[in-house]
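Q: Chain by chain, the residues run as shown.
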Amino acid sequence: NAGVTQTPKFQVLKTGQSMTLQCAQDMNHNSMYWYRQDPGMGLRLIYYSASEGTTDKGEVPNGYNVSRLNKREFSLRLESAAPSQTSVYFCASSPGPQETQYFGPGTRLLVL
Amino acid sequence: GEDVEQSLFLSVREGDSSVINCTYTDSSSTYLYWYKQEPGAGLQLLTYIFSNMDMKQDQRLTVLLNKKDKHLSLRIADTQTGDSAIYFCAAKGRGSTLGRLYFGRGTQLTVWP
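If you're matching them up, the sequences are chains D and B in order.
The first sequence begins at 1 in my numbering and counts up one residue at a time.
The second sequence begins at 1 in my numbering and counts up one residue at a time.
What the hints contain is simulated information worked out from the structure, not anything from laboratory work.
Mixed in with the good hints there might be a few duds.
Here's a subset of chain D near chain B, in silico, CB distances under 8 Å, partners left out [stated by the list, open to error]:
hint: 1; residue: M41
hint: 2; residue: L45
hint: 3; residue: F90
Backbone N, C-alpha and C fix where the C-beta goes; we use that ideal spot for every residue, glycine too.
Throw the hints in and build the complete structure from the sequences for me.
A: Next comes the structure, spelled out in structure tokens:
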């Protein structure tokens, strides 16, 4: 099992460009999450999907959209990137919303 | 939401014990977690404790929970240089279908030979 995988590992964008961060899990988990991590900060929840077909906002959803494509995949889209979105983005999954979350390796995004 | 606080830095000598402390504000938190992050990597689940437990031991790791003071600690026995990393405390609330995790800012543990 690969666990939780994320692509790309690194990305540089110019302000105003769009991109989609991909996340997939092969653990047959129902719930998936997107977090961002900024220097000296803990992780903050952007969006989550408690189960296939549902998505909800977390603490910091502004500037982002998500798609739960199927049970395995949960993507995060930046429609018009801003320098404030420079961060490390982590995807996580759990068997259910109340259960332990397992994290991917992260995507490092720089917006110029 | 919940506030989770940790000290930012800890330095220990190889072979000594490390103790990383964490406080949280929501007394109804159900599970409390410790994650480890090595440079350039994702978060690795180390251990967790359910709120009705006082202590959990797993090889070199001991977790202590003082529910009255809302204080959690992680003790690493015989700390090795490979233990150098950032350690995150996280609390899971109840009353939500999400079971949202609230993270502290992380404690940078440095182990020197």
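Q: What are the numbers of the hints the structure violates, in ascending order?
A: none
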